[in-house]
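Asks: This is what each chain is made of:
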Amino acid sequence: MTQERQDQLADGSYEFLAIFLEGLPFIFLGTLVSGFLGTYLPRGAFEKILPKNNTLAVLISGLLGAVFPVCECAVVPVIRRLVKNGLPVSCALAYMLAAPIFNPVTAISTYKAFNNSPEIAISRLAMGYMIAVFIALIVARKAHSFFLKTSVKTENSDEHQHPRNLNAALNNSLRDLMDVGLYFCIGVVLTAILKTTVIDPTDDFWKELANNSIVGSIGMMFLAFVLSLCSTSDAFIAANFHNFKYGPKLAFMVFGPMMDAKLIFLYSTVFKWKFILFLFIAIFILTGALSILFETKILPGWMSQQTEIPLAP
Amino acid sequence: MTSLDTRLFGFLACLWGGLLIYFYHSTRIRDYLDIGFHHFIMIGGIGMLILGIYSLINPKSKSNRTGNSKSCCHDHGDHDDKQHSHDHNDCHDHGDHDDEQHSHDHNDCHDHGDHCDHDHEEGHGPFITIFLTLTPLILAMTYTQDKLSNGGMAKKGLYEKPALTSANLPPFTRQDLEKNVPKNEHGEFQLRMISAYYAAGDLEIQGIFEGLPVELEGRIAPEKINNASGDRLRIFRSIITCCAADLQIVGVSLEFPEETNRPQVEDWVKASGTLTFETVDADVLPLLQIREVIPAEEPYSEFRRRQ
Numbered sequence: 001m002t003q004e005r006q007d008q009l010a011d012g013s014y015e016f017l018a019i020f021l022e023g024l025p026f027i028f029l030g031t032l033v034s035g036f037l038g039t040y041l042p043r044g045a046f047e048k049i050l051p052k053n054n055t056l057a058v059l060i061s062g063l064l065g066a067v068f069p070v071c072e073c074a075v076v077p078v079i080r081r082l083v084k085n086g087l088p089v090s091c092a093l094a095y096m097l098a099a100p101i102f103n104p105v106t107a108i109s110t111y112k113a114f115n116n117s118p119e120i121a122i123s124r125l126a127m128g129y130m131i132a133v134f135i136a137l138i139v140a141r142k143a144h145s146f147f148l149k150t151s152v153k154t155e156n157s158d159e160h161q162h163p164r165n166l167n168a169a170l171n172n173s174l175r176d177l178m179d180v181g182l183y184f185c186i187g188v189v190l191t192a193i194l195k196t197t198v199i200d201p202t203d204d205f206w207k208e209l210a211n212n213s214i215v216g217s218i219g220m221m222f223l224a225f226v227l228s229l230c231s232t233s234d235a236f237i238a239a240n241f242h243n244f245k246y247g248p249k250l251a252f253m254v255f256g257p258m259m260d261a262k263l264i265f266l267y268s269t270v271f272k273w274k275f276i277l278f279l280f281i282a283i284f285i286l287t288g289a290l291s292i293l294f295e296t297k298i299l300p301g302w303m304s305q306q307t308e309i310p311l312a313p
Numbered sequence: 314m315t316s317l318d319t320r321l322f323g324f325l326a327c328l329w330g331g332l333l334i335y336f337y338h339s340t341r342i343r344d345y346l347d348i349g350f351h352h353f354i355m356i357g358g359i360g361m362l363i364l365g366i367y368s369l370i371n372p373k374s375k376s377n378r379t380g381n382s383k384s385c386c387h388d389h390g391d392h393d394d395k396q397h398s399h400d401h402n403d404c405h406d407h408g409d410h411d412d413e414q415h416s417h418d419h420n421d422c423h424d425h426g427d428h429c430d431h432d433h434e435e436g437h438g439p440f441i442t443i444f445l446t447l448t449p450l451i452l453a454m455t456y457t458q459d460k461l462s463n464g465g466m467a468k469k470g471l472y473e474k475p476a477l478t479s480a481n482l483p484p485f486t487r488q489d490l491e492k493n494v495p496k497n498e499h500g501e502f503q504l505r506m507i508s509a510y511y512a513a514g515d516l517e518i519q520g521i522f523e524g525l526p527v528e529l530e531g532r533i534a535p536e537k538i539n540n541a542s543g544d545r546l547r548i549f550r551s552i553i554t555c556c557a558a559d560l561q562i563v564g565v566s567l568e569f570p571e572e573t574n575r576p577q578v579e580d581w582v583k584a585s586g587t588l589t590f591e592t593v594d595a596d597v598l599p600l601l602q603i604r605e606v607i608p609a610e611e612p613y614s615e616f617r618r619r620q
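Protein chains in written order, with our numbering: chain A, 1 to 313; chain B, 314 to 620.
Just so you know, the hints here were simulated from the structure itself, not pulled from any lab data. If a hint is listed, it holds; no wrong ones were tucked in.
Chain B stretches covered by chain A per the calculated footprint, using a threshold of three residues with CB under 8 Å from any CB of chain A: (1) 316–324; (2) 339–350; (3) 354–364; (4) 444–451; (5) 457–468; (6) 557–563.
Here a beta-carbon is modelled for each residue, glycine too, at the ideal position from N, C-alpha and C.
When you get a sec, could you build the whole thing from the sequences and use the hints?
Replies: Below, the structure written as structure tokens:
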């Protein structure tokens, strides 16, 4: 084995362990919550909580990340159980896609990363929310069989009940941990391989993409997909792509938390693969279009010049 | 899930929890995650261990609770293609259920010979889950060096030029520098690496830092920029938010006078000298002209958190 291959193997192992170690406790927390929700939350509870108007329910669900902030890894097992317990899929999807972006932690980190610039943070949160809600409203018109895996479909209230005790809650948690942990692990393996063998963000190829906002946005979304960063930290990475304008940077920060190499495997615990493909394409097109729109029509009015990462000796 | 499945999954949860606790206890976690996450790793590890042990010693879940149990007692874990394979007349007794828990009539309400869409937990079995998760973990534990190679660090920006900063930054003056940055015993500013690095991207701050006596602390790497003679080295720090995946490495080139002792690559040092800036291929880069380099005690974690 050449030295380069040995280094790639070591670096890939390092990247894998870093993401796995960081993500696993959050997955565990998510599955613990999901196990208890699945056991103790009464069937039909959401019908009482959510507005009867479906559009309004989706709009509110997209905002829930501000109250219940959760990262993109932990949210998947939670919504998986909530859907089983009767949460409308459109609401679950709005929360799942929006929460990693539309939450205070991400807002503050984006604000800090972009030199205390509220414009970028607001743009990011607004884009994330709009895309999540738009896709959720489309999904609301589709039959569940189009996107939900059989095992995740809502249980009918007239079916027999499962026990509501600690034992059942822990068993549900264990089952969820194993299901989601497996796909998380596969996703992290793929991420580590891509990051160490295919993608080099410092390569001239990426820098040259910056000359064109459309190509740059596409490139940055692809990069976000491969890098699989947390939504709380990706703004600092985006801010350092100094050749790129704001549109591609926004595309990076909005696309990544909704769709990346590890997330597609986590999503596969809830959704069918054909729906994940639909989700990928929809998020890709909407993020690309909105980021270009922000850069050409909205941001020029907000900002007179580009700012970058803050400097404080 | 069967009892065996639950035990095997519990065993795997113990291994995952044990892994987290091992990384925390051995302090290897400091090479992977920001220090703010370390206790969370410990708590997550203990939680998974408890869940795993509980499942090992108490594998009977919602199934097999007979007698006075209020629950539905058949197993939903191992069905495939949504079919009930058991006979509801023989498998369990409905006589003791109360209505709140098991209110339906098995003869009338729904047909178990056809599709029923309640929770069938169609996840993968324990053996495939154990194989697919432990294999990459064992391989990663075998091959990791607990750090990136030089090529890996280059991908994280070790040899990148600093981003241009903007006039939107708050004004920064020499008085701010004197007020906020401590000095060593030689009167040199103990500047943060990231400050020296990003100064190259801001003309105003460059003007303040140019010719400044500074001390930088960090690890030594080979220099690949403007180093045809091979005399230079690079000092760097790793900036992190969560984990090594979001690592950014910032470095400053070191130029040594002939009589100065040169550190070895990988050494952790304090490098003192005069900070200046050079233009290489139209890029402005920071350069430290060395007065002396002394070994320094490594910090608990060499990651510096983004602020």
